[in-house]
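Put the complex together from the two separate chains, hints included.
The primary structure of each chain is shown beneath.
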Amino acid sequence: MYRYDEFDSKLVINRVKQFTKQIKRRISGDLTEDEFKPLRLMNGLYLQLHAYMLRVAIPYGELSSKQLKMLAYISKKYDRGYGHFTTRQNIQFNWPKLIDIPKILRNLAKVEMHAIQTSGNCIRNVTADHLAGLLPEEIEDPRPWCEIIRKWSTFHPEFSFLPRKFKIAVIGCNEDRAGILVHDIGIKIIKRKEIGFQIFVGGGQGRSPFIAKKISDFVSKKNLLTYLEAILNIYNSLGRRDNIYKARIKILVNELGIEHFKKLVEDRFKLLKQKKTALKGIEIDKIKNYFKLPSLETVGKINPEFPKNPNFEKWLKFNTLNHKVKGYKIVLVSLKSKNYPPGDMDYKQMIHLAELAEKYSFGEIRVTHEQNLVIPHIKITDLFEVWKILDSITLATPNIGLLTDSICCPGMDYCALATARSIPIAQKITNFFEAKKKQDEIGPLKIKISGCINACGHHHVGNIGILGLDKNGQEFYQITLGGSSKENASIGKIIGSSFSSSEIIPAIDKILDVYLEKRDNKNQTFIQTLEQIGLKPFQEALYDNN
Amino acid sequence: MAKKLKANIFVYSANDLISGDVVFYSEQNGWVRDFISAKRIMKEELEKFQEKVSAELKQNNIINPYLVELDDDGKITKLRERIRFKGINIKDFKNV
Numbered sequence: 001m002y003r004y005d006e007f008d009s010k011l012v013i014n015r016v017k018q019f020t021k022q023i024k025r026r027i028s029g030d031l032t033e034d035e036f037k038p039l040r041l042m043n044g045l046y047l048q049l050h051a052y053m054l055r056v057a058i059p060y061g062e063l064s065s066k067q068l069k070m071l072a073y074i075s076k077k078y079d080r081g082y083g084h085f086t087t088r089q090n091i092q093f094n095w096p097k098l099i100d101i102p103k104i105l106r107n108l109a110k111v112e113m114h115a116i117q118t119s120g121n122c123i124r125n126v127t128a129d130h131l132a133g134l135l136p137e138e139i140e141d142p143r144p145w146c147e148i149i150r151k152w153s154t155f156h157p158e159f160s161f162l163p164r165k166f167k168i169a170v171i172g173c174n175e176d177r178a179g180i181l182v183h184d185i186g187i188k189i190i191k192r193k194e195i196g197f198q199i200f201v202g203g204g205q206g207r208s209p210f211i212a213k214k215i216s217d218f219v220s221k222k223n224l225l226t227y228l229e230a231i232l233n234i235y236n237s238l239g240r241r242d243n244i245y246k247a248r249i250k251i252l253v254n255e256l257g258i259e260h261f262k263k264l265v266e267d268r269f270k271l272l273k274q275k276k277t278a279l280k281g282i283e284i285d286k287i288k289n290y291f292k293l294p295s296l297e298t299v300g301k302i303n304p305e306f307p308k309n310p311n312f313e314k315w316l317k318f319n320t321l322n323h324k325v326k327g328y329k330i331v332l333v334s335l336k337s338k339n340y341p342p343g344d345m346d347y348k349q350m351i352h353l354a355e356l357a358e359k360y361s362f363g364e365i366r367v368t369h370e371q372n373l374v375i376p377h378i379k380i381t382d383l384f385e386v387w388k389i390l391d392s393i394t395l396a397t398p399n400i401g402l403l404t405d406s407i408c409c410p411g412m413d414y415c416a417l418a419t420a421r422s423i424p425i426a427q428k429i430t431n432f433f434e435a436k437k438k439q440d441e442i443g444p445l446k447i448k449i450s451g452c453i454n455a456c457g458h459h460h461v462g463n464i465g466i467l468g469l470d471k472n473g474q475e476f477y478q479i480t481l482g483g484s485s486k487e488n489a490s491i492g493k494i495i496g497s498s499f500s501s502s503e504i505i506p507a508i509d510k511i512l513d514v515y516l517e518k519r520d521n522k523n524q525t526f527i528q529t530l531e532q533i534g535l536k537p538f539q540e541a542l543y544d545n546n
Numbered sequence: 547m548a549k550k551l552k553a554n555i556f557v558y559s560a561n562d563l564i565s566g567d568v569v570f571y572s573e574q575n576g577w578v579r580d581f582i583s584a585k586r587i588m589k590e591e592l593e594k595f596q597e598k599v600s601a602e603l604k605q606n607n608i609i610n611p612y613l614v615e616l617d618d619d620g621k622i623t624k625l626r627e628r629i630r631f632k633g634i635n636i637k638d639f640k641n642v
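From first to last, the protein sequence lines stand for chains A and B. Heads up: the first sequence at position 191 corresponds to 191 in our numbering, and the numbers run straight through without jumps. Heads up: take any position in the second sequence, counting from 1, add 546, and you land on our numbering.
One chain only, chain B, in its complex shape (with noise of 0.2 Å):
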């Protein structure tokens, strides 16, 4: 899987069981929703966290857990996780 990244700068994502609910690995808090909190993972530190969130789904709390590469700044790089990071309804399209 790491062999396809091309960041140096990561976080876990997932989706909530329950509630499907977009959530980001933190490591104080957990699964959280909010994407500031969501620790970065640095390339050489991967493995660790792979097993970390292994260990995760076993607890039963998320599903489709990946990593989302964010560039040197920080940032969401792929479009498609920048529209899942900000989530999205109807009125959204008004007047694109």
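Here chain A stands alone, though its shape is the one from the complex (with noise of 0.2 Å):
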């Protein structure tokens, strides 16, 4: 895992020690409100709808024990004993005190986090594959990346005040697990005859979705900081600060055409290669070192008998994965229970999942951007123990990829942006599917859920998206189907008119039961069904055309 260099310490330190004045000003009235919000934005700090609300960072998803304890800690001591992890690796917590938040930024420094770059219009929190360095057919580990475009990110005085936020992601394989098509920038691991990256720009999702439009089909490793620096001063120089609606590089993108805005880059590009240091070989082998794999031993038996247990298999079936390293294998903790919303985890189970990552993982977790935990490196014959301790803390929950795994944004029950609730939704389609026991026949499905058109719940990406709406002070349901943030990336459908809150749940059945009926075999996704039939038989299905 990465650790802090004394530069990275004292940039945290500092940071913390100038927010704690200004909120120390604030409270004496020094400041106000209208000077105050721009500054606790910068330190992630909002406020929602009950109470503030404090995003703190997982840079690209890692996440150590020790850091995972302090989560726990600081849940219990300063919030209502839980934590939300939200849909670009970090955690928010719901309930925290103005006058604790210089004590929280001092605590999660002490364990190498902060909340900086989780706000403001800046460049966030960069995200990765939560499977970075696990699996043999990657080309290259992404993390390395994401901590070098992070340093050379955080605070970088020409991005701090961009036109609007600005979201990177990056990947090492070709099956694309971090949603790089609905980034701002996303990056690809690509081997040619030496190892680079192809860059797409100008994804996002919001009231304007957009899919990313490849933007360099080769940026060599020593050129990539030099290459987003043109993407970033073109993007500063000519996206909207006029309008927050079209502020974002996507609607830059769009309204130039990609041509143009290449030609742009690339000229830019031309001239910052001449004046700019490239990325030196021996600083990337530097930060490559922290990522390094840990000691993996040689492990026997690869094939154990494990007890009958039909609770167990089920969760091997869908939970775990194949490590690149022979002997072990990835385990994916699913954060959607029936108990709890998607994604929040209360601190009792905080620290039970960190005593488990150290005793059988290193100390390693990592956090999707699905609202999962990975505990990457599972011994084998440890699993049966590891599911045993899981389900004792309500983490065993056998459905990752299916359709109760969905995501889902904190809606109106927390967030002051919200048009109506999405939790219950999700909760709700829990319970009934799960009850009627259809989510194993059915396979892997994505189902998302956002609370408002800002789609931070990913609807226009889910196979099935569910976007809460206002109508008239009732809630309202708009359903969109055939959407993907993998590598064939396409934003979904709105089917007709939207469904109130007690008919939604039957139209998702009625959907799926479509798709049952006309899929040609089990192995034909829920995507490849829509390509094939319409929407045509689920419109059916779902209204009265008479």
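Calculated directly from the structure, the hints in this document are not laboratory data. One or more hints might be untrue.
Said to hold, decoys possible - Label pairs and their computed distance ranges (CB to CB):
{"no.": "1", "chain 1": "B", "residue 1": "Asp638", "chain 2": "A", "residue 2": "Lys436", "range": "49 to 59 Å"}
{"no.": "2", "chain 1": "A", "residue 1": "Gly257", "chain 2": "B", "residue 2": "Asn610", "range": "22 to 32 Å"}
{"no.": "3", "chain 1": "B", "residue 1": "Phe631", "chain 2": "A", "residue 2": "Lys275", "range": "24 to 34 Å"}
{"no.": "4", "chain 1": "A", "residue 1": "Lys276", "chain 2": "B", "residue 2": "Arg628", "range": "33 to 43 Å"}
{"no.": "5", "chain 1": "B", "residue 1": "Phe631", "chain 2": "A", "residue 2": "Lys288", "range": "16 to 26 Å"}
Claimed, not checked - Sample of chain B residues facing chain A (criterion: CB under 10 Å; computed from the structure):
{"no.": "6", "residue": "Ile564"}
{"no.": "7", "residue": "Ser565"}
{"no.": "8", "residue": "Asp567"}
{"no.": "9", "residue": "Ser572"}
{"no.": "10", "residue": "Asn575"}
{"no.": "11", "residue": "Gly576"}
{"no.": "12", "residue": "Val578"}
{"no.": "13", "residue": "Lys604"}
{"no.": "14", "residue": "Asn606"}
{"no.": "15", "residue": "Ile609"}
{"no.": "16", "residue": "Lys621"}
{"no.": "17", "residue": "Lys624"}
{"no.": "18", "residue": "Leu625"}
{"no.": "19", "residue": "Ile636"}
{"no.": "20", "residue": "Lys637"}
{"no.": "21", "residue": "Asp638"}
Note that CB positions come from ideal geometry on N, CA and C, so glycine has one too.
What follows is the structure in structure tokens.
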């Protein structure tokens, strides 16, 4: 795992001291709320529906057991005993007091954590494939590149006041688990004669969803930061600042057209290449050294006999993946149980999971953008023990990738911007389909739920997307079909008029019935079936057209 | 602001600066956490109370004050405001 160097520590501690002074000045009245608001937002502190909310970065989703224990401590001591993992590899605390924020930030700094780049119009927390460094098919681990980008972008003076927030994601496999095509910049590690990067630009969700377009087929390692700088230069110069809804880079790319935008970037890149120092191999290697696999010992039995237990077997099927080292498995921990809102975890679970990771996985944990956790290195022979522990703390729900493993934003239960609730819809889906025992038959399916058009629940790229709306004071839900954030990314299409909160679950059930009836075979995915039959059969099942 | 409001009765709500807690304006006790004690403000009184709240803002105890609409029975009309008034916790979602 990455460890802070002297510079990182100093930077974070200085920022905590600076913000502590700003909070004191706010409480004493030396700063008005209008003056304080941009300062608190630069430190991840929002005012939400009920209270303040502090968003803490988990850069590229990597979390140590020590850090998770600290998050547990903070949630118990300064919040209401739980935290919420977000769709961008962050964690949110929903109830901190302003007066406690300096103490929280000092505690976070002790374990090399912070709330920098979790808000404001800057380059946000860089995200990555949560299986980075674990799969045999990976071209190269994306985490060192995320860290290089983090070092470059943190407090970069030129990019601290961009027209709007800016999100970057990096992957190292062909399979996209980070949704790079719905990011402002998506970076894919590729191999030509040498290893380098394909760069995609202008993706995003919100009220104007766009799939990112390829801007470069190959950027060398030494030129990565220079190329990113060229893109950000152009965006910073030409991105709109007069209209918040048109300020993201996706709007600029779409208005100029990708060819025009690319020309501007390439010209700037040529200019910057003459002035900037390219990344040196020695610097890249230094960062890479932090991300080496722990010493995984050779395991004798790779096919041990486990006790007969159907719940364990189901968990093994859905919640574990093959590790690139023989004798080990990757364990996916679902935060989508019947008991809690998607992504929520209480402090006791955090402590137990941290202890489990210490005992069985070198103290390493990952956070996924789909609001689940990963324990990356579990010996196959330890799997039954690990499952028993997870099951005892309600973290062994066997549903990874299935329809009850939905992404869901906090919605109107917490968010000041939301127009409808989303968590109760996710919970109703879980309760309904678990009772019907239908999800195993359906197989992999992504349902994504947002409580407003800002799309924090990624509904645009859900195979089935659900968007909460306010219609004359009533909650209604619009359904989109066919979205995906994978390598074949697409924006879902609206199926028709929206449904009330009592109609939405039966509507989803009808959609799934059509899928089960029309698919050619069990391996044909929802998206493939939709491409084959179109929206019409689904519309006919949902709406009375007489 | 008042032009967009449909109701005849209102309460003022805000968040406490230090705790972030949801608070309501009460004539006797200033900003309180108890909705029942909140001053019911009639439409024709809005201007007077807007001035009072502006003065309160300068005292620096609250942030983000705004009017919450009530129906003629004194109940909160909007779901958002009912959720905000009730508060919420992780356990509220068990077996929705």
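Right, here's what the structure says about each hint:
no.: 1; hint: B:Asp638 to A:Lys436: 49 to 59 Å; result: 24 Å, violated
no.: 2; hint: A:Gly257 to B:Asn610: 22 to 32 Å; result: 41 Å, violated
no.: 3; hint: B:Phe631 to A:Lys275: 24 to 34 Å; result: 57 Å, violated
no.: 4; hint: A:Lys276 to B:Arg628: 33 to 43 Å; result: 55 Å, violated
no.: 5; hint: B:Phe631 to A:Lys288: 16 to 26 Å; result: 53 Å, violated
no.: 6; hint: Ile564; result: 5 Å, holds
no.: 7; hint: Ser565; result: 5 Å, holds
no.: 8; hint: Asp567; result: 6 Å, holds
no.: 9; hint: Ser572; result: 19 Å, violated
no.: 10; hint: Asn575; result: 21 Å, violated
no.: 11; hint: Gly576; result: 16 Å, violated
no.: 12; hint: Val578; result: 16 Å, violated
no.: 13; hint: Lys604; result: 9 Å, holds
no.: 14; hint: Asn606; result: 4 Å, holds
no.: 15; hint: Ile609; result: 5 Å, holds
no.: 16; hint: Lys621; result: 13 Å, violated
no.: 17; hint: Lys624; result: 6 Å, holds
no.: 18; hint: Leu625; result: 7 Å, holds
no.: 19; hint: Ile636; result: 5 Å, holds
no.: 20; hint: Lys637; result: 8 Å, holds
no.: 21; hint: Asp638; result: 8 Å, holds
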